[in-house]
Amino acid sequence: MPIHEKSLIRPEDLVEGSGEAHIIDGVDVSGHWSTFIKSRVVKDYNEDMEAEIAALPGGEFIHRCWQCGSCTNACTVNAINPDFNPRYWIYLIRTGMEEELLRDKDIIWQCVSCHKCSYTCPRDVLPEGVMKATAHWLELKGHTPKSHSTVFDEVFAEQVIKTGKIEEGRVLRRFLTRTGQPLLQGWVLTMALRMIRHFPIKLMIHMGLANFIHPRTSGWGRARAAIEEYVEEQEAEHRKALKLDQPAE
Amino acid sequence: MEQKYKKVAYYPGCALEGTGHSYSRSTKELGKALGLELEEVKNWNCCGAMEVKNVDPKLQTYLSSRVMSIAANEMGYDTVMAPCNGCYHNLKKAEYDLENDPASVEVVGKLSEKAGHQTYEAGQVETIHALDWIKDSLGEEGIRARVKNSLKDLKIANYYGCMYTRPRHIFPEKDKGEGSESTSKPHYMDDLLAAAGAENVDFPLKTACCGGAHTLSDSDTSTRLVMNLIRAAEASGAEVIATECPTCHSGLEMHQIRAEKQHGEKSNVKIIYFTQLLGLALGLSPRQVGIHENVSDSMGLLKEKGLA
Ligand code: SF4
Ligand code: SF4
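Keeping their order, the protein sequence lines are chains A and B. Taking the working numbering, the leading residue of the first sequence gets 1, the next gets one more, and so forth. Taking the working numbering, the leading residue of the second sequence gets 1, the next gets one more, and so forth.
Only chain A is shown next, with the shape it has when bound in the complex (with noise of 0.2 Å):
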């Protein structure tokens, strides 16, 4: 498949040529001409991006990249929308170019984790665990908000650490109120009554049961424990890699 790359070229930048007076930047630059492209001069490098992205987890191996196009050749994502370009994001992420990363901050975190792109890459960077990074970094320095995907990661998360186990229907209804979202959509609810005409009677208990009775692993009481230690940590040694929580100066 032909990767559809996008221009460094902003289309605001373009100027159309009309034979008319055209002064750009301070230059009479009238007459016939087609287009004029202005120059552009990026000087805002965040030299500490790509450190700080490689601190998070599956960001390690970035380094590694030399930029064959593999991944995004091979993307699910890529494939319905071409401004996804996991190659094309590494090489902004570790030349510095924040503000033409920032371009694209609302759709890195789309990334369906179908791991095609560490299937094909030759240098073994594991792009899927770049994005993921990446989408981390951009939530943790506020320059989008949390992505439905990380809500459900979390409710997904903090159940499993609760009660070792999860139940989906209890995931579904915390995660469709955390974002704000109808309980019963259309669809969700042909689901659901699909599935009472076909379900066993004592299936439909145990799944509504579950609403007062939750699985859970017997005795988990210490790994919950020494999970929710770890966790924080973690959290920790993250907002301490990407200078978030310093004191002001």
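I should point out that these hints are in silico values taken from the structure, not numbers from a laboratory. One or more hints might be untrue.
Claimed, not checked - Pairs of lysine-lysine residues, derived as PhoX-like cross-links and limited to a Cα-Cα distance of at most 25 Å, are as follows: (1) K243(A) <-> K146(A); (2) K162(A) <-> K110(B); (3) K176(B) <-> K4(B); (4) K165(A) <-> K110(B); (5) K42(B) <-> K6(B); (6) K148(B) <-> K4(B); (7) K162(A) <-> K114(B); (8) K42(B) <-> K4(B); (9) K165(A) <-> K114(B); (10) K240(A) <-> K110(B); (11) K43(A) <-> K243(A); (12) K148(B) <-> K6(B); (13) K146(A) <-> K105(A); (14) K165(A) <-> K42(B); (15) K162(A) <-> K6(B); (16) K174(B) <-> K6(B); (17) K114(B) <-> K42(B); (18) K32(B) <-> K148(B); (19) K305(B) <-> K266(B); (20) K141(A) <-> K240(A); (21) K141(A) <-> K43(A).
What the hints assert, rightly or not - The following residues of chain A were derived to be distant from chain B, with all beta-carbon distances above 12 Å: (22) D13; (23) G17; (24) S34; (25) Y45; (26) E47; (27) E50; (28) A51; (29) C65; (30) D245.
The beta-carbon is built from N, C-alpha and C at its ideal position, and this holds for glycine as well.
Fit chain B with the ligands to the given chain A structure using the hints.
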């Protein structure tokens, strides 16, 4: 030669206790019918699915390691069978990390100690998928010899999804030449269903992604990915998409409905677990393999084909 996998530890995982219940039911029934014994891992926990790794990958490794530790140290097993692609993938990934990454070994050791159970050590168990379980214990010959109700005339697209083959490095036993499973063109399910008499269609999207990780958080993307699969299956002439993962299975069912309700895109292919199809071929009833528990209603088709 002694038969392989005659008795293994069974790790159902959370999905098989909920939406994937018919997969669990048909897996157990299949085991009974084939004389393969399953003992459920005692007091198991969630493997972390696709989510916990995004909070912390080493935590996911710990969760998977606890399951393997119980199977090995408390129950004395050397094989864990996980029918769910997510569980299977995570246990394999944990195995790989515990063998190759000292930092993961350290975290798992610390958490296991604090949690009060024996630490899992790489190599204690082999994790296998339900496909390996049937394929390596009885194989095509074993199935062929036991078919009572051939799946002949049933046109099947075999769908394996992402987690069964990717990334390659966590599946060292695959891609080992003839007889082994392939990560680029998996064929175990094709082989088993062909042995049961089915006609496998040439389905190009065997290992494409169904968007399962974002089935709720980015439903439009998932619906598009699922409809790609369904359209390709129908174009290949398939009447059934055979599945081997509860997340793929319920994703396909869910987004088939969503596409119809939300975008008026109707499709007719039925979604059935491979364990259900094999069970029917071995003469089990649709009820025994939980056809009624699937959201995708395939009774009409199965009756038409003389399988119900
Ligand atoms: S496939 Fe690997 S090396 Fe190639 S561009 Fe992507 S991340 Fe870089
Ligand atoms: S894991 Fe994410 S980045 Fe990699 S190919 Fe899949 S969707 Fe693309």
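Hint-by-hint comparison with the structure:
Between the alpha carbons of K243(A) and K146(A) the distance comes to roughly 19 Å, so the proposed pair stays at or under 25 Å and holds. Distance hint between K162(A) and K110(B) is fulfilled; the C-alpha atoms sit about 19 Å from each other, no more than 25 Å. A distance of roughly 19 Å separates the Cα atoms of K176(B) and K4(B); the hinted pair therefore holds under the 25 Å criterion. Between K165(A) and K110(B), the direct Cα distance comes to roughly 21 Å. Compliance with the 25 Å bound is thereby established for this hinted pair.
Restraint check for K42(B) and K6(B): the C-alpha separation of about 19 Å stays at or below 25 Å, so the hint holds. For the hint linking K148(B) to K4(B), the alpha-carbon distance of about 23 Å falls within 25 Å, and the restraint holds. With a C-alpha separation of about 16 Å, the suggested pairing of K162(A) with K114(B) holds against the 25 Å cut-off. A hinted pair counts as satisfied when its Cα atoms are at most 25 Å apart, and K42(B) with K4(B) qualifies at roughly 22 Å.
Between K165(A) and K114(B), the direct Cα distance comes to roughly 19 Å. Compliance with the 25 Å bound is thereby established for this hinted pair. Distance hint between K240(A) and K110(B) is fulfilled; the C-alpha atoms sit about 22 Å from each other, no more than 25 Å. Of the pairs offered as hints, the one joining K43(A) and K243(A) holds, with about 22 Å between alpha carbons and a cut-off of 25 Å not exceeded. Restraint check for K148(B) and K6(B): the C-alpha separation of about 22 Å stays at or below 25 Å, so the hint holds.
Simply put, K146(A) and K105(A) have alpha-carbon atoms about 12 Å apart, close enough for the 25 Å limit, and the pair holds. Restraint check for K165(A) and K42(B): satisfied, since their Cα atoms lie roughly 13 Å apart, inside the 25 Å limit. Of the pairs offered as hints, the one joining K162(A) and K6(B) is violated, with about 35 Å between alpha carbons and a cut-off of 25 Å exceeded. Distance restraint check for K174(B) and K6(B): the Cα-Cα separation of roughly 21 Å lies within the 25 Å cut-off, and the hinted pair is therefore satisfied.
At roughly 20 Å between alpha-carbon atoms, K114(B) and K42(B) fall within 25 Å of each other, so this suggested pair holds. For a cut-off of 25 Å, the pair hint linking K32(B) to K148(B) stands: about 15 Å separates their Cα positions. A C-alpha spacing of about 22 Å is found between K305(B) and K266(B), which places the hinted pair at or below 25 Å, so the restraint holds. Restraint check for K141(A) and K240(A): satisfied, since their Cα atoms lie roughly 12 Å apart, inside the 25 Å limit.
Taken as a hint, the K141(A) and K43(A) pair is honoured in the structure, with Cα atoms around 20 Å apart against an allowance of 25 Å. Residue placement check: D13(A) keeps its beta carbon more than 12 Å from all beta carbons of chain B (closest about 31 Å). Interface exclusion of G17(A) from chain B stands, the closest Cβ pair being 40 Å apart, more than 12 Å. Non-interface status of S34(A) relative to chain B is upheld: no Cβ of that chain comes within 12 Å, the nearest being about 38 Å off.
No Cβ of chain B comes within 12 Å of the Cβ of Y45(A); the nearest lies about 28 Å off, and the non-interface call holds. Against chain B, the non-interface label of E47(A) holds: every CB pair exceeds 12 Å, the least being about 26 Å. The claim that E50(A) is not at the interface with chain B holds, since no C-beta of that chain comes within 12 Å of its own (minimum 20 Å). Interface exclusion of A51(A) from chain B stands, the closest Cβ pair being 18 Å apart, more than 12 Å.
Separation of C65(A) from chain B is adequate, the least Cβ-Cβ distance of about 16 Å exceeding the 12 Å criterion. Its beta-carbon lying about 19 Å from the closest one in chain B, D245(A) satisfies the requirement of being farther than 12 Å from that chain.
Checked against the numbered hints given earlier, this structure breaks only hint 15.
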